[in-house]
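All the letters of the sequence shown, read from the start, carry residue numbers 14 to 232 under the numbering used here.
It should be emphasised that the hints constitute simulated quantities derived from the structure, not laboratory data. Be aware that a few hints might be false.
Said to hold, decoys possible - The list that follows gives simulated cross-link-like pairs (lysine-lysine, DSS-like), each with its CA atoms no further than 30 Å apart:
1. LYS205 <-> LYS33
2. LYS33 <-> LYS230
3. LYS19 <-> LYS205
4. LYS117 <-> LYS205
Said to hold, decoys possible - Quick list of the computed label-pair ranges, beta carbon to beta carbon:
5. GLN228 <-> PRO76: 41 to 49 Å
6. GLN231 <-> SER105: 46 to 54 Å
7. GLN165 <-> TRP226: 33 to 41 Å
8. ASP189 <-> LEU16: 39 to 47 Å
9. ASP97 <-> LYS117: 38 to 46 Å
10. ARG164 <-> GLN227: 23 to 31 Å
11. ARG137 <-> ASP209: 35 to 43 Å
12. TRP226 <-> PRO76: 35 to 43 Å
13. LYS33 <-> GLU100: 36 to 44 Å
14. GLN231 <-> ARG164: 21 to 29 Å
Backbone N, C-alpha and C fix where the C-beta goes; we use that ideal spot for every residue, glycine too.
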Amino acid sequence: MQLPFKNRVEAGRLLADALKPYAGRTDVLILALPRGGLPVAFEVAQVLAAPLDLMLVRKLGVPGQEELAMGAIASGGITYLNQDLAESLRISDSAIDGVASREKKELERREQAYRGHRPIPEVRNRCVILIDDGLATGATMRAAVLALRQRQPGRIVIGVPVAPADTVENLRAEADEVICLATPEPFLAIGKWYEDFSQTSDEEVRDLLTRAWQQRKQE
Numbered sequence: 014m015q016l017p018f019k020n021r022v023e024a025g026r027l028l029a030d031a032l033k034p035y036a037g038r039t040d041v042l043i044l045a046l047p048r049g050g051l052p053v054a055f056e057v058a059q060v061l062a063a064p065l066d067l068m069l070v071r072k073l074g075v076p077g078q079e080e081l082a083m084g085a086i087a088s089g090g091i092t093y094l095n096q097d098l099a100e101s102l103r104i105s106d107s108a109i110d111g112v113a114s115r116e117k118k119e120l121e122r123r124e125q126a127y128r129g130h131r132p133i134p135e136v137r138n139r140c141v142i143l144i145d146d147g148l149a150t151g152a153t154m155r156a157a158v159l160a161l162r163q164r165q166p167g168r169i170v171i172g173v174p175v176a177p178a179d180t181v182e183n184l185r186a187e188a189d190e191v192i193c194l195a196t197p198e199p200f201l202a203i204g205k206w207y208e209d210f211s212q213t214s215d216e217e218v219r220d221l222l223t224r225a226w227q228q229r230k231q232e
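With these hints in hand, go ahead and build the complete structure from the sequences.
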């Protein structure tokens, strides 16, 4: 696997090749973690001929070190907290609650902005492939898996272009399968492994979702 990836589109096409055993199956549903996961997932959905939707999750950043995840929240009222990290950094319950409250508002805003009145897809007994543009600590993806488990899917597969090896191993205990194209060391940051890692906008997310949904209607 040659790094860095040119952009999320290229990463998505390469990831789609690795996920081809799931192509053409009627029980497969692809859920992207927005925003960065959507361009990757769109390419996968095209190759696998599978429906595409969203798994809304928000990282809970450490106060003052927002890029460091101490946990995450997901649609459905699911909260994942790295208790060991919170305790080692002596983060108070009130500080955690404050961060969670802010992120919950953003989660609700995105739900409305991206999905509008479109219903959440049924996942019971389906094979759900969760996709992001990369993982660092894996906290956000872990929250997504926990939220999904409550809805009783038949199988949960995590698909990402790049992540640290230890994060991938930890997530193997959470999901039924983890497919990661590259586990470079030292990892440093997701953006290091993309030539173009510019932020995905809300407009891009809505456009890709609309295109995917319209394609499904025409089939």
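Hints, one by one, checked against the model:
At most 30 Å may separate the alpha-carbon atoms for a hinted pair to count; LYS205 and LYS33 meet this at roughly 27 Å. At most 30 Å may separate the alpha-carbon atoms for a hinted pair to count; LYS33 and LYS230 meet this at roughly 23 Å. Note on LYS19 and LYS205: the hinted pairing holds, with a Cα-Cα distance of about 11 Å set against a maximum of 30 Å. A C-alpha spacing of about 29 Å is found between LYS117 and LYS205, which places the hinted pair at or below 30 Å, so the restraint holds.
Take GLN228 and PRO76: their Cβ atoms lie about 42 Å apart, and the range 41 to 49 Å holds. Our hint of 46 to 54 Å for GLN231 and SER105 holds, since their Cβ atoms are close to 53 Å apart. Between GLN165 and TRP226 the beta carbons are some 24 Å apart, a value that contradicts the proposed interval 33 to 41 Å. Separation of ASP189 from LEU16 is about 27 Å and departs from the stated range, judged on CB atoms against 39 to 47 Å.
For the pair ASP97 and LYS117, the beta carbons lie near 23 Å from each other, so the given range of 38 to 46 Å is not met. Range check, ARG164 to GLN227: about 25 Å between beta-carbon atoms, so the 23 to 31 Å window is met. At about 38 Å, the CB distance of ARG137 to ASP209 agrees with the hint of 35 to 43 Å. A hinted range of 35 to 43 Å holds for the C-beta pair TRP226 and PRO76, which are about 38 Å apart.
Separation of LYS33 from GLU100 is about 43 Å and conforms to the stated range, judged on CB atoms against 36 to 44 Å. As the Cβ distance of GLN231 to ARG164 is approximately 28 Å, the hint placing it in 21 to 29 Å holds.
Hints 7, 8 and 9 from the list above are not met by this structure, while the remaining hints are.
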